[in-house]
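Trainee: Please put together the full structure from these sequences, using the hints given.
There are 2 protein chains.
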Amino acid sequence: MNIGVIGLGLIGGSFALSAKRHIKGCNLYGEDQSEKHLKQALKLEIVEHNLKPSNYSIMDVIILAIPVDSVIDKALYLLDYVNDNTLLIDVGSTKAKVCKEMELHPKRNQFLATHPIAGTEFSGPSAAFVALFSGKPLILCESNKTRPDLLEWAINWFKNIGMELQEMDPKEHDKHIAYVSHLSHISSFMLGKTVMEKEQDEKAIFDMAGSGFASTVRLAKSSPSMWAPIFEQNQENILEVLDEYIANLEEFKLLMEQQNYKEVFRKMQQTNSISKILAGIN
Amino acid sequence: MNIGVIGLGLIGGSFALSAKRHIKGCNLYGEDQSEKHLKQALKLEIVEHNLKPSNYSIMDVIILAIPVDSVIDKALYLLDYVNDNTLLIDVGSTKAKVCKEMELHPKRNQFLATHPIAGTEFSGPSAAFVALFSGKPLILCESNKTRPDLLEWAINWFKNIGMELQEMDPKEHDKHIAYVSHLSHISSFMLGKTVMEKEQDEKAIFDMAGSGFASTVRLAKSSPSMWAPIFEQNQENILEVLDEYIANLEEFKLLMEQQNYKEVFRKMQQTNSISKILAGIN
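As you go down the protein sequences, you meet chains A and B in turn. Residues in the first sequence are numbered consecutively from 287, following my numbering. Residues in the second sequence are numbered consecutively from 287, following my numbering.
Treat each hint with caution, since some may be false.
Each pair may be met inside one copy or between any two copies, as identical chains are not told apart.
Unchecked claim - Below, a list of computed lysine-lysine pairs in the DSS-like style, where the Cα atoms sit at most 27 angstroms apart:
| no. | residue 1 | residue 2 |
| --- | --- | --- |
| 1 | 306 | 457 |
| 2 | 539 | 457 |
| 3 | 445 | 325 |
| 4 | 539 | 553 |
| 5 | 539 | 484 |
| 6 | 360 | 386 |
Derived by calculation from the structure, the hints in this document are not laboratory data. Note that the structure is predicted; figures quoted are calculated from it, not measured.
Mentor: Below, the structure written as structure tokens:
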């Protein structure tokens with residue numbers, strides 16, 4: 287079985303490692319825009335062969351793990367060149383646009399739109415590891431448009447990796463993920479920025495930082511090449527939640543200005559119940 | 287040697303455990319406003335005896351680990367009742383006000399103002415653990431006002447626990463800590479609030495949450511009883527950094543509205559260098 291992985295970063299690389307572990311006798315082909323990353327992935331034995339356009343037609347499965355602004359063109363191109371039984375799996379963080387653009391392609395039923403809710407703040411082939419997806423959610427969108435035999439293969443594989451599958455409408459996906467992922471990244475990036483601006487003057491400040499700070503700004507280490515396109519593609523939903531977030535911060539600020547610390551206390555206490563929700567997240 | 291710990295939560299309890307481990311033959315006395323916490327601390331063997339006002343005069347060291355709005359009154363009261371060789375250590379998260387209020391007490395030189403930059407999002411005696419302070423910063427304020435023999439004892443003990451000591455002006459402390467600790471908590475609490483408000487309508491949203499979200503909202507589990515008084519006492523500094531944080535978020539939002547994703551990319555890329563700074567934080 288020939289498996290191609292396009293984009294050999296954290297996500298693509300980890301899928302390659304998962305295929306190597308879970309699919310007996312598979313041949314792994316890899317492609318990356320960065321020559322350096324490709325070489326690194328070959329050296330780390332994440333993939334075995336260089337995936338070239340001339341090989342597309344011999345792939346049984348292709349996993350597309352590239353920044354979301356490149357996904358659509360590349361997916362349309364790939365569908366044109368693959369054989370009639372190749373499954374193309376997109377694993378990007380936005381789903382509405384890609385699902386819409388694939389809709390009319392004659393090989394639409396060889397395409398599967400997914401979003402693995404897994405990641406770390408690190409990027410590149412060296413960040414990939416086989417256990418990344420274990421126990422993590424995998425969102426499938428419009429899976430009824432994928433050919434049943436291909437879908438069945440994919441579902442089996444994802445379950446073998448240990449992922450928890452759920453189906454979701456692509457527009458709903460993009461709306462919800464803006465809250466639980468995209469907003470967290472903006473909040474973290476801007477927290478990092480605010481503190482770093484201060485640090486221009488006061489180098490000592492970071493000697494005082496503890497694990498709480500490290501935890502809240504962890505995502506500010508994420509790759510801008512991956513995240514700027516996500517923000518662009520999910521702009522509408524993100525602007526809405528960003529507005530709500532800023533409004534909540536403004537309200538908190540106002541309560542502090544009014545010295546209404548009873549209400550400050552109450553707002554925090556209400557939010558404490560998030561621990562119940564977080565209990566289910568690794 | 288008799289050591290009293292007032293406030294048997296995460297911080298006080300962990301200091302009690304550290305004393306038990308590192309100070310040979312010490313007798314540990316504990317006090318807590320909550321009868322339940324006191325019983326729990328005795329049961330967990332965090333302390334051995336109930337600390338009563340009638341025992342204050344036989345304490346060699348008292349560690350004051352209570353919410354910052356109660357610290358000043360309690361510290362002034364304690365200094366009145368302790369003997370002439372007792373060391374009173376305050377470990378609260380704000381320092382300017384307490385240093386100012388202690389200034390004129392005749393036993394000022396038996397008082398030591400500190401802030402251990404250590405903690406978790408959990409609270410109460412059951413959250414305490416002996417390794418909490420290992421490798422963590424400890425800020426000392428106006429330690430030159432503490433009697434040299436008492437200060438020397440404290441420094442030795444803190445170093446034995448593995449803390450990294452640094453001296454800082456109390457006003458500077460409060461200003462800096464607003465950035466690297468207090469703002470992180472507000473950012474996290476409001477992120478949790480924003481997402482929970484949404485969750486009222488859409489229960490499914492949390493099934494999609496990953497470890498990135500968990501990391502950024504971790505601090506939203508923190509104790510409001512501890513944090514509301516900190517926000518109140520450090521109001522001026524916090525309002526300043528909160529303004530800067532909101533301004534940064536507004537700027538990011540504007541860039542998105544203008545579809546200026548080159549600049550969005552650039553802002554994130556600049557902030558990426560925070561990873562170098564975070565490398566030094568556990």
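Trainee: Are the hints correct? Go through all of them and say.
Mentor: So, going through the hints one by one against the coordinates:
Taking the shortest alpha-carbon separations for residue 306 and residue 457, neither the intra-copy value of 33 angstroms nor the inter-copy value of 57 angstroms comes in at or below 27 angstroms. In this assembly of identical chains, the alpha carbons of residue 539 and residue 457 lie at most 27 angstroms apart only when taken from different copies (21 angstroms versus 33 angstroms within one copy). With identical chains, the CA atoms of residue 445 and residue 325 are never at most 27 angstroms apart, being 30 angstroms at best within one copy and 47 angstroms at best between copies. In this assembly of identical chains, the alpha carbons of residue 539 and residue 553 lie at most 27 angstroms apart whether taken from the same copy (12 angstroms) or from different copies (25 angstroms).
When the C-alpha separation of residue 539 and residue 484 is checked against a cutoff of 27 angstroms, the pair qualifies both within a copy, at 20 angstroms, and between copies, at 21 angstroms. In this assembly of identical chains, residue 360 and residue 386 lie within 27 angstroms of each other by CA distance solely inside one copy; the values are 15 angstroms within and 65 angstroms between copies.
In summary, the structure is inconsistent with hints 1, 3 from the numbered list given earlier, while agreeing with the others.
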